[in-house]
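A.B. asks: Following the hints, position chains B, C and D against chain A.
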Amino acid sequence: MSAGTLLELSHVSVTFDGFRAINDLSLSLAPGEMRAIIGPNGAGKTTMMDIITGKTRPDTGVVKFREHDLTKLDEPAIARMGIGRKFQKPTVFEELTVRDNLLLSLKGLRSPFALLFAKETAEEKARIDGLLHTIRLGREAPRQAGGLSHGQKQWLEIGMLLGQEPDLLLVDEPVAGMTDAETMETADLLREINQTRSVVVVEHDMEFVRALDVKVTVLHEGSVLAEGELDQVSNDPRVIEVYLGR
Amino acid sequence: MSPRFSRRDFTKFSLAASAAMLAGVKGAAAAAPKGEPIRIGVLHSLSGTMAISETTLKDVILMLVELQNRKGGVLGRPLEAVVVDPASNWPLFAEKARQLLAVDKVASVFGCWTSVSRKSVLPVFEELNGILFYPVQYEGQECSRNVFYTGAAPNQQAIPAVDYLLSADGGGAKRFALIGTDYVYPRTTNQILQNYLKSKGIADADIMVNYTPFGQSDWQTIVSQLKAFGSAGKKTAVVSTINGDANVPFYKELGAQGISATDIPVMAFSVGEEELAGMDTKPLVGQLAAWNYFESIDSPANKSFIKEWHDYTKNPKRTTNDPMEASYIGFNLWVQAVEKVGSTDHDKVIDAMVGLKQPNLTGGTAQVLPNHHITKPVYIGEIQDDGQFNVVWQTPKEVPGMAWSPYVPETKNLIGDWTKSVSCGNYDTVKKACLGAKHG
Amino acid sequence: MNASLSFRGASVTAVIVVLLTGVLAVGSLLPASSPVQVSPFIMTLAGKYLAYAMLALAVDLVWGFAGILTLGHAAFFALGGYAMGMYLVREIGARGVYGNADLPDFMVFLSWKSLPWYWWGSDHFPVALLLMLVVPAGLAGLFGWLAFRSRVSGVYLSIITQALTYALMLAFFQNGFGFGGNNGLTDFKDILGFDLHSPYTRAGMLFISGLILAGALLAARYVVGGRFGSLLIAVRDAESRTRFLGYRPEQVKLLVWVFSAVIAAIGGALYVIQVGIINPGEFAPANSIEAVIWVAVGGRGTLSGAVIGAILVNLGKTLFTAWLPEMWLYGLGALFMATTLFLPQGLMGLMRHLPEKRPSEVTPEVTNPEGGEA
Amino acid sequence: MADVAMSGPAALSGRKMRNGVRGIFAAVLLSLLFIQPHHARADEDAFAGLATTQFNTIASSVDQIAQQGGPRALPVLRALADRKLFAAREGDGLFIRTDSGWADARSGASASPDEETLRPVRVNNRVRLAVAAAEAELELVSGTPAERQASANVFYQRHDPAMLPAIDKALSKTDDAALKDTLLNARAAALLSPGAPASDAQAQQQAVAKLKAAGGLDARGVLAQASTSEALDPATRKAAEAAVSSIDFKLKLWGFGQDAFYGLSLGSVLLLAAMGLAITFGVMGVINMAHGELMMIGAYTTWLTQKAVLSVVPALGSFSLILAIPAAFLVCGALGIVIERGLIRFLYGRPLETLLATWGLSLILQQVIRSLFGPTNVAVVTPPWLSGSFHLGGIEVTIDRLAIMIFAGVVMAGLMLVLRRTPLGLEMRAVTQNRRMAALMGIRTARVDALTFGLGSGIAGLAGVAVSQIDNVSPNLGQSYIIDSFLVVVFGGVGNLWGTLAAAATLGVGGKALEPLVGAVSGKILLLVLVILYIQRHPRGMFPLRGRGVES
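Chains as they are written, first to last, in my numbering: chain A, 96 to 341; chain B, 445 to 884; chain C, 9 to 382; chain D, 8 to 559.
Pulled out of the complex, with its shape left as it was, chain A reads as follows (with noise of 0.2 Å):
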């Protein structure tokens, strides 16, 4: 392992009733790049995402962040240090505000016991007014976010992650179901974060893969495929056999 590594994914397998998800997969990330992985349905790219954040443990290989092994640890304990999650669906607290939400990602407690007597500090406030303007919420904050548009979803969402502070931030397919200007303002976004954060980004849209403008993992049956510039490896004959073969 190299020492300008941030996250890797050495021979890493998994196996569900015999199928195998994930198939010595290895793979690894410098500090602050971003990177796009693409691949075809069932290519193992949520599982991946699984892997790296505690939910699924894999049968085989070694994950590490930083110098940390993932494998040994729990979601908490790998989104404590330093990962960040955003989900395919977005996945906020409907019946909580949109400043609650905020404020429940905010990096610092944790302990159940300590939140009871907590007190919003003026120092929260002003770190929860920051994020609602990064996320352009400013004026949502009051609301239930169960009201709030699909795509609003999707940024309450990403300012969570934020709000988390994560030297990492595993994306899930972010712009399922924006609009196209949407899928524009969400790709700036990302490279806005990207100048603080290391990025992992799922996706299928290539237009909005294109205009993230970042080296592409190619997975395919579990395991890399390709690995390059979005025109590089979008010209690997493998990889046009995967999307249209067959």
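Careful: at least some of the hints might be erroneous.
Said to hold, decoys possible - Here are the simulated lysine-lysine pairs, DSS-like style, with alpha carbons at most 25 Å apart:
#	chain 1	residue 1	chain 2	residue 2
1	A	150	A	184
2	D	217	B	671
3	B	856	C	121
Everything labelled a hint here was simulated from the structure, so no lab data went into it.
C.D. replies: Here is chains B, C and D on its own, set in the frame of chain A:
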């Protein structure tokens, strides 16, 4: 379907009855009761697990009330039954008892079946100085001034039953399996029986005691254990204090495993006609039960009681049983006491009760004893294939009920006596003192 | 305003509870001749309802706010009741039937020679209080720690809570267990030297119950109202999401679970003092299910609704078992069906909608959101 | 499993055994107390004693009748056993009630006594025992081969030394190996019993060896008694003691098999009770608290069917149970469809609220049955072909339990077939897996929902039929099964029928294995705790469904 009988119906009924009598209907022997009705409470579960046994007792009291009103009521006033449903819930029993006594101001209460329901209402009756007639055989070891125990005490059921099993006619058993549901009645009864059997020379090794939870429905293991217990080369008998619900699967399993009454007789204290009505009795012929009443006993009073019952329930197949007779005796004793003192005042009625006599349905007389228990004849019946019992043995005369068992070391010196001279439910005859805090 | 904030009325309810119990307590001390005298019957009923309201409040905390459908909460209620019952039984002392100062009647009865070790100290009120809090909290803590840690959820959790209370019921039914078997503990005489049957004790107990219920309401409101409450609702609606934020939902659930068990246990203790009997029937799974129904009738997730539901359903039960002894089950059954069909948010939902005439809001259903990400 | 093979000849001989099982132990005592003081003289009227009211006189009269023999002995004894023998209240007239009228007991000629003056001859267990023994004595000589075998069994169980001459006589007259073996056992047992004629140590020890080889509880009883009998040689007593422990050891080994049978039979009851719930709850996600009440209604349907058949075609009475199976399925299935259409369908997507609504429904159903048929138990008769037991080696197999095991297997197989092989099953799976997609493909989801719930309810009805054979049939029936049913489904893994099967078997066998060790109550508590702990380790039960969208 049993006829519904709410308070309002009842008032309507008594009005109608009065009207009919005023109009001179033939056969109206007594004057129609007039004036403010005397209320009595009926505290039996009509839903939940105990409804199966208790609903019948509610019907009996309603019938007796109707009959009494036809005879002219009590003190010339009509009786009115206040029926409540404690729903087989023991704290609810206490609540309903309080309601009957404090809100409905009933003159007396007829109710309870399980020991726990009685224990639950007891403090209420003592606090509010009510009168409870308790019509079910029970474990004894209790003697409250406010309760009249018209069912059997252990010495009026369990002891004679075991005597029968030990006798030649009963098979001369030398080995006893005491099986019961795990609650206070079987625990106490079995404790008394164990001591009694030992006094009769039965060794510890020849007594097996087994307890099962309420509603036990799978008896395979226990019945096979009984079989094994019975294979020691000695005549073996079973004394069953299994609670109502669990009896059906128990007897079904006995039948299925081929144990008949001639192999290992089972003497039951909680299986009566009502329970048999829910069973196919062919495999049970010859199994035994000890009671103070059987429907099959041929006596004029019993015949007419059964007829009234069939007329009242409009069901010629509805069975009668022991707790029904106990309710009948309790009700009539109360009526006598009220007529005697000319008042429903609780203290006066309680004091007037001791010594009163009421003919049993099956012959003989029930007399109220100073300990608020009564004298009862004891019968042993064998189950027949028609769902009735055939009486094979009976005590020569009535047995007086003992509140405290002489076979339990802690209570052998205790007596209950609520007459003026002693006025104590738990009087220690050795220490010459009333124990605890229960003074009349 | 919105469904999740509907517990704001809890403080109002708390005040009403204190006022009402105060009025009842004073009313009960009036001479019997007074037309507004409150009879002891009403007093014992009111005491019972308040105790049940505590249980309902406890259920609402875990079901309404943490999404844990408990079918075994009566276990904690009954354990609290037994702890208090043990003390009350020891208070009887030599005034029992057998006049035995050392052993409770039921032990003499079964020929026990000495007190079992777990009865030691039960004659001291502070010990009883400690037992009342520690035993249910300990059991809840152990059970919750095991269950939440291994992410048992949904119906699986519901069924094992039911299994828990069922197992306890069977255990307490055994006479050999040392708690009076089926008969339970009863025939109490006094508490801390006050005669339990005296009108003053009754009035005092009712008022104390009212204060405790009000206190529990406020405490519950504090718990669900703050940041912990937000987290609780977050865990209820999207448990896995909270995990990726770095929270440990099992800790959140455990905390509220134990808190709720303690409230239930205090309810049980108040129940025993005022109803006068505790027996294993209180552990019956049906009792736990009924407690859930009270909450549903009153309105889940509203705190006040739990209290109102418990009182109304039990009041109905009291009245109908007397008025329509053979028909009341039809009424009760129909009430439960009608509530779920027509009042999905219970009476509190109805109250919320009537004045505002708004189309009914859809309550987000507490289905487990993990489903989508298998 | 050898289930099918057992029901043939083994079952037959099992029933024969049962006929003779009367009076194993009672007989021991009878022989003790019943030392007959006089030998019957041929001219004495042995029947006269029957007309008395004393049980001991009646019983000794029965013995006399048996010893005298004669053509009237058997008919009179049988009439006595069937309670068809009547005595005149005055005098010693004895009459038998026949189908057409009355017959004189002593002559068999038809008679017309005044019925008002008659009373039934009293019978109790003591008399019954005497009748059984007397019948055996008479039939051993004159009966059919089957009757003789049964009589020999009675002799064996009765092991009365007074019977030794009769046994020897019968032994000399038979070549039937099985009969001979039973008689030899009977002879050995009689030799070791109190009151036996003095015999040498060798003969005694041969008898002990014979009984040791025979094994079983009957032999154990005799040997246990012999081991303490002062009348026997000390060496014999020792041998008997050793034989008892050898038999006990064998019984203990067989006991494991017996416990397994009990466990499987309990498991099959649990399986039947849980299977319907596995559909309504496991597949549809409805927390159906009224499931137990549907079982209860199935049991009442059985009762009603039985009553109807008995009143219309009494001859078919014993087969009414067969008829009750489709009846209960249809009644409960139809009721299930009504419940689904009237209640459940408004609650889809709110699974926890189905719990509250169906709980209310269960209260109402209980009360409806209570109002219609009363609060007490009703008697469902077990037909003769389902009663009794037979031995499979040292395992006693009760026929009703065996039938329930087979029935549970058949229902399970049928359910599997419906789910896997029928269009309804396919549609059911489609709807539960993806309702919207199924609807788009033209499946009428409302109809499928109703039918699925109906199917689950119908199976609950079938469980009711089975349960009516072994348990109370009362309005409370459902309450006693509902908790166990849910436990089974959840323990097995919601939505997985194989899991339900495995859980039912585990809980059944586990419960029955624990029961002899710690008692019924503690066993059940222990089992509940184990299930709780198991679910902590495996939060989705024994056979968790994998894949998406299975969680409710």
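A.B. asks: Checked against the structure, which of the hints given earlier come out wrong?
C.D. replies: Every hint satisfied by this model.
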